[in-house]
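Numbered according to the UniProt record's numbering, the first sequence spans residues 1 to 979.
Be aware that a few hints might be false.
Simulated restraints on C-beta separations [said to hold, decoys possible]:
(1) D216 with E353: 50 to 60 angstroms
(2) D271 with P873: 51 to 61 angstroms
(3) D216 with G296: 47 to 57 angstroms
(4) K836 with P873: 28 to 38 angstroms
(5) T261 with K154: 50 to 60 angstroms
(6) D169 with P200: 57 to 67 angstroms
Derived from the structure by calculation, the hints contain no laboratory data. All C-beta atoms in this analysis are idealised placements derived from N, C-alpha and C, irrespective of residue type, glycine included.
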Amino acid sequence: MKKGDHLFLVDGSAYIFRAFHALPPLTRKSDGTPIGAVSGFCNMLWKLLQDARNTDVGVTPTHFAVIFDYSSKTFRNDLYAEYKANRSEPPEDLRPQFGLIREATRAFNLPCIELDGYEADDLIATYAAQAEAAGGEVTIISSDKDLMQLVTEKVSMYDSMKDRQIGIDEVIEKFGVKPDKMIDLQALTGDSTDNIPGVPGIGPKTAAQLLETYGDLDTLLERAHEIKQNKRRENLIEFADQARLSRELVTLKVNTPVETTIDDFILEDQDGPKLVAFLKAMELNTLTRRVAEATGVEANEIDAADIPVENAGRARGPDLDSAVPESADSNAKADPEQQDAQNGDNTPQALAEKLAAEASGAKFDADSYVCIRDAAMLDEWISKAIEEGVVAFDTETDSLDANQANLVGFSLCHKAGHAAYIPLQHRDGEDDLLGEGGLVSGQLEFDTALEKLKALLEDASILIVGQNLKYDYLIMQRYGITIRSYDDTMLLSYVIDGGRGAHGMDALSERWLGHQPIAFKDIAGTGKKQITFDRIAIDVATGYAAEDADITLRLWQVLKPRLIADGLASVYERLERPLMAVLARMEGRGISVDRQILSRLSGEFAQKAAAYEEEIYDLAGEKFNVGSPKQLGEILFGKMELPGGKKTKSGQWATGAQALEDLAAEGHELPRKIVDWRQLTKLKSTYTDALPGYINTETKRVHTSYSLAATSTGRLSSSEPNLQNIPIRTVEGRRIRTAFVAEKGKTLISADYSQIELRVLAHVANIPQLTQAFADGIDIHAMTASEMFGVPVEGMPSDVRRSAKAINFGIIYGISAFGLANNLGISRSEASEYIKKYFERFPGIKDYMDETKATARAQGYVETIFGRRIHYPEIKSSNPQVRAFNERAAINAPIQGSAADIIRRAMVRMEPAMDAAKLSGQMLLQVHDELIFEVPENEVDATITCVKQVMENAAMPAIDMAVPLAVEAQAANNWDEAH
DNA sequence: TAGAAAACGTA
DNA sequence: GTACGTTTTCTAG
Numbered sequence: 001m002k003k004g005d006h007l008f009l010v011d012g013s014a015y016i017f018r019a020f021h022a023l024p025p026l027t028r029k030s031d032g033t034p035i036g037a038v039s040g041f042c043n044m045l046w047k048l049l050q051d052a053r054n055t056d057v058g059v060t061p062t063h064f065a066v067i068f069d070y071s072s073k074t075f076r077n078d079l080y081a082e083y084k085a086n087r088s089e090p091p092e093d094l095r096p097q098f099g100l101i102r103e104a105t106r107a108f109n110l111p112c113i114e115l116d117g118y119e120a121d122d123l124i125a126t127y128a129a130q131a132e133a134a135g136g137e138v139t140i141i142s143s144d145k146d147l148m149q150l151v152t153e154k155v156s157m158y159d160s161m162k163d164r165q166i167g168i169d170e171v172i173e174k175f176g177v178k179p180d181k182m183i184d185l186q187a188l189t190g191d192s193t194d195n196i197p198g199v200p201g202i203g204p205k206t207a208a209q210l211l212e213t214y215g216d217l218d219t220l221l222e223r224a225h226e227i228k229q230n231k232r233r234e235n236l237i238e239f240a241d242q243a244r245l246s247r248e249l250v251t252l253k254v255n256t257p258v259e260t261t262i263d264d265f266i267l268e269d270q271d272g273p274k275l276v277a278f279l280k281a282m283e284l285n286t287l288t289r290r291v292a293e294a295t296g297v298e299a300n301e302i303d304a305a306d307i308p309v310e311n312a313g314r315a316r317g318p319d320l321d322s323a324v325p326e327s328a329d330s331n332a333k334a335d336p337e338q339q340d341a342q343n344g345d346n347t348p349q350a351l352a353e354k355l356a357a358e359a360s361g362a363k364f365d366a367d368s369y370v371c372i373r374d375a376a377m378l379d380e381w382i383s384k385a386i387e388e389g390v391v392a393f394d395t396e397t398d399s400l401d402a403n404q405a406n407l408v409g410f411s412l413c414h415k416a417g418h419a420a421y422i423p424l425q426h427r428d429g430e431d432d433l434l435g436e437g438g439l440v441s442g443q444l445e446f447d448t449a450l451e452k453l454k455a456l457l458e459d460a461s462i463l464i465v466g467q468n469l470k471y472d473y474l475i476m477q478r479y480g481i482t483i484r485s486y487d488d489t490m491l492l493s494y495v496i497d498g499g500r501g502a503h504g505m506d507a508l509s510e511r512w513l514g515h516q517p518i519a520f521k522d523i524a525g526t527g528k529k530q531i532t533f534d535r536i537a538i539d540v541a542t543g544y545a546a547e548d549a550d551i552t553l554r555l556w557q558v559l560k561p562r563l564i565a566d567g568l569a570s571v572y573e574r575l576e577r578p579l580m581a582v583l584a585r586m587e588g589r590g591i592s593v594d595r596q597i598l599s600r601l602s603g604e605f606a607q608k609a610a611a612y613e614e615e616i617y618d619l620a621g622e623k624f625n626v627g628s629p630k631q632l633g634e635i636l637f638g639k640m641e642l643p644g645g646k647k648t649k650s651g652q653w654a655t656g657a658q659a660l661e662d663l664a665a666e667g668h669e670l671p672r673k674i675v676d677w678r679q680l681t682k683l684k685s686t687y688t689d690a691l692p693g694y695i696n697t698e699t700k701r702v703h704t705s706y707s708l709a710a711t712s713t714g715r716l717s718s719s720e721p722n723l724q725n726i727p728i729r730t731v732e733g734r735r736i737r738t739a740f741v742a743e744k745g746k747t748l749i750s751a752d753y754s755q756i757e758l759r760v761l762a763h764v765a766n767i768p769q770l771t772q773a774f775a776d777g778i779d780i781h782a783m784t785a786s787e788m789f790g791v792p793v794e795g796m797p798s799d800v801r802r803s804a805k806a807i808n809f810g811i812i813y814g815i816s817a818f819g820l821a822n823n824l825g826i827s828r829s830e831a832s833e834y835i836k837k838y839f840e841r842f843p844g845i846k847d848y849m850d851e852t853k854a855t856a857r858a859q860g861y862v863e864t865i866f867g868r869r870i871h872y873p874e875i876k877s878s879n880p881q882v883r884a885f886n887e888r889a890a891i892n893a894p895i896q897g898s899a900a901d902i903i904r905r906a907m908v909r910m911e912p913a914m915d916a917a918k919l920s921g922q923m924l925l926q927v928h929d930e931l932i933f934e935v936p937e938n939e940v941d942a943t944i945t946c947v948k949q950v951m952e953n954a955a956m957p958a959i960d961m962a963v964p965l966a967v968e969a970q971a972a973n974n975w976d977e978a979h
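Use the sequences and the hints to build the structure in full.
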């Protein structure tokens with residue numbers, strides 16, 4: 001550094017706090033990460049750097065650095081233990097921003113300086129002194145009075161938020177003393193925020209006046225006895241030492257052992273792409289645009305930076321430093337009263353309520369909806385969407401099956417009440433042989449519209465809002481369009497109101513907007529007369545489709561703030577939103593199913609079933625519909641007068657498998673045959689007959705549909721076809737699995753969590769014996785039996801182990817004596833004894849169950865270990881049966897739900913992990929605790945290693961489980977052998 | 001023809 | 001005892 005050079009020193013830590021308190025509390029990324037301070041910081045830096053290049057404006061830095069506090073412990077704590085001891089932890093909302101602001105600094109290509117044991121102020125003092133000694137000038141970007149002692153002819157300060165220079169004159173104006181007296185002034189006045197004692201009764205005015213009179217602190221303290229005011233005199237004498245200590249505390253060190261020299265601070269050019277990538281990740285759209293423009297970067301071509309989110313969360317890094325923590329939510333859980341007192345109507349909760357109240361009274365006006373039929377108008381609507389940055393989007397198609405549906409039109413809504421429908425493929429006239437009538441005129445040309453739509457949907461700076469967006473995502477994916485930034489109102493509702501009712505659009509519209517949408521069947525008819533959407537008149541379609549987009553946007557406006565207010569952003573952001581696209585890709589891939597195998601099995605099952613039917617008629621003495629429980633009941637308990645018949649709640653004879661097994665056990669032949677017949681016909685009708693019908697004609701594969709929001713616990717569900725209930729328990733049933741095959745040259749890998757729910761139980765209930773057993777890898781059911789019945793694990797009778805296994809599962813299900821008795825075929829009192837014994841051996845389980853019930857009652861919901869909430873509105877029901885049921889479900893939910901969250905996390909991480917390992921295999925299916933992959937034969941071993949790694953570490957780093965997660969993986973050519 | 005009930009497949 | 005989805009039968013309209 002030389003004469004004429006100018007060093008800018010940004011007081012990063014102070015800026016963070018100041019910006020945080022100055023900016024609106026709701027400045028957040030779409031994932032809920034608070035970024036108010038980050039935003040302010042980036043804008044400030046950018047402005048400073050821009051000014052630096054406009055040589056005619058202000059001063060021009062040649063050197064630049066951003067300085068941070070390192071930790072809350074510094075050398076000052078050795079001088080005075082109470083120093084800053086009254087500082088409370090920074091607000092939860094602020095914490096993630098410390099790390100992000102350091103990231104920001106690096107993205108700006110600026111040195112990011114901190115030093116253990118020293119405050120940012122000391123580093124600033126040191127560098128300022130060095131620069132001044134070298135003949136340079138210094139501007140300190142801060143308005144902190146603690147730094148004013150550094151101001152000289154060559155060193156000034158700049159308050160970036162008020163755009164104000166602070167030089168010698170400004171210090172005198174503000175404090176009445178020259179900067180070189182600031183130390184003495186602070187020593188006298190103290191500082192309650194930093195816990196610097198000072199001298200009681202002396203404020204800045206008095207201090208300035210005293211210093212004016214006596215010159216400096218030492219002289220003042222020596223001549224304190226001359227002071228006329230009694231109290232002031234006494235205090236100055238009594239607290240003289242305290243004043244000296246205070247002076248030491250406020251004096252900034254100009255000789256901190258810095259590791260970087262000011263010559264390393266030479267201001268370099270911006271790295272445009274790097275900065276744009278970071279700003280995109282922060283979703284600072286305006287600044288992104290500005291920076292892209294100024295640096296000549298095409299923002300659209302740059303992906304948002306991958307800011308480390310998970311790893312930093314745990315690391316005990318410098319000060320409160322950490323990038324986005326796992327839970328960016330805790331602020332919402334902070335004491336609401338305190339927040340109210342501080343922010344009044346600005347709390348997230350208050351804002352969410354206000355928005356909800358507004359939405360519930362809003363009017364819907366079908367006449368305001370627009371039908372877009374020309375390109376210019378579409379352009380106009382798209383630019384409105386770009387302007388808003390948010391747009392609701394909905395596709396209309398001719399089928400519910402996203403893997404074969406054709407796009408008929410789409411709707412947009414950028415502002416409540418302002419929605420449009422864009423018809424593309426409506427048809428009329430008679431069906432020809434292909435079932436295709438003529439295209440209705442007055443529709444935009446398909447490819448033109450699609451191209452425009454692609455630009456909109458793939459623009460990462462525009463948030464696409466959908467309801468059940470996975471469907472639209474799949475449709476657009478098939479047209480070569482990938483939706484980049486999105487929110488899904490169904491998933492928002494699922495996270496916020498899990499267990500409180502349905503999350504379909506109709507239900508949500510009624511719940512939040514007090515509006516009943518046009519029903520699909522009202523415009524398309526029902527049953528045999530139902531028509532597909534492309535046959536619906538365009539004006540009718542417009543009213544329906546535009547309304548859907550309108551509703552979706554309004555729901556988003558209500559639900560997104562609630563997500564933040566309820567502190568559920570991280571659940572949504574980590575377990576729901578990213579999984580949507582993962583599932584869409586899995587569904588799009590489908591799995592190969594061998595038609596021949598199924599058809600052979602169908603024939604076989606049919607033959608055997610027919611044979612059973614003959615025998616059944618013989619035994620019954622007449623022909624009847626074996627599939628009719630009603631007729632069967634009459635034969636068994638009416639005609640044949642078998643004993644022990646029970647009735648179902650609707651008054652019919654119960655002929656369930658268990659009832660028939662009981663009869664069979666008494667030596668009756670017929671019930672056994674019925675059970676076997678049912679098994680065969682079940683396998684045939686549900687699987688071997690039905691599955692081939694699901695083979696997609698184009699892909700030749702079976703594409704299931706996963707629902708992310710169907711279960712209360714967080715599990716997925718699978719339908720059309722349900723591939724989560726493919727038989728495995730019986731030999732016959734297993735054969736169906738052999739029809740699920742890998743394509744040529746590939747292999748299926750099945751990887752499943754071993755005993756994941758019992759492991760979660762061991763973790764959440766904190767049971768030492770269970771934890772130990774899992775750590776040692778011993779048979780968990782045998783261990784339980786051994787504990788309960790005092791039988792050694794070696795050579796344990798199988799029925800003893802079986803009882804223990806049933807109890808272990810019973811615990812997970814919120815055990816009742818009734819249920820256990822049923823399962824084990826023992827008496828209620830015996831079952832009660834077992835449970836009692838179990839609770840004696842594992843008192844932690846009883847505690848867990850009692851606590852969970854109490855929690856559910858007290859707050860109306862329970863939580864998984866990752867914070868997913870499951871509500872039980874009926875937990876306080878006066879009906880004992882209803883209440884007991886809710887209690888059992890509430891006990892089960894954290895266990896089942898945590899396990900579900902774990903595999904969700906694994907799934908979200910799986911694709912990136914496999915990419916990183918250069919593996920080309922693909923994830924096809926999920927069955928609650930199992931993932932199925934299809935991989936090239938030569939990648940099997942590497943894939944298994946990768947998959948196990950991801951699955952076994954899926955809880956980390958959010959949760960450090962007390963129990964290891966174990967995953968077993970196998971490869972084979974079909975699902976039966978792979979499992 | 002729509003929907004409930006019963007049965008049964010999975011974790 | 002928890003969580004699901006599909007099929008068939010049966011009933012009500």
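Exercise for review: Report the numbers of all earlier hints that the structure fails to satisfy, in ascending order.
Suggested key: 5, 6
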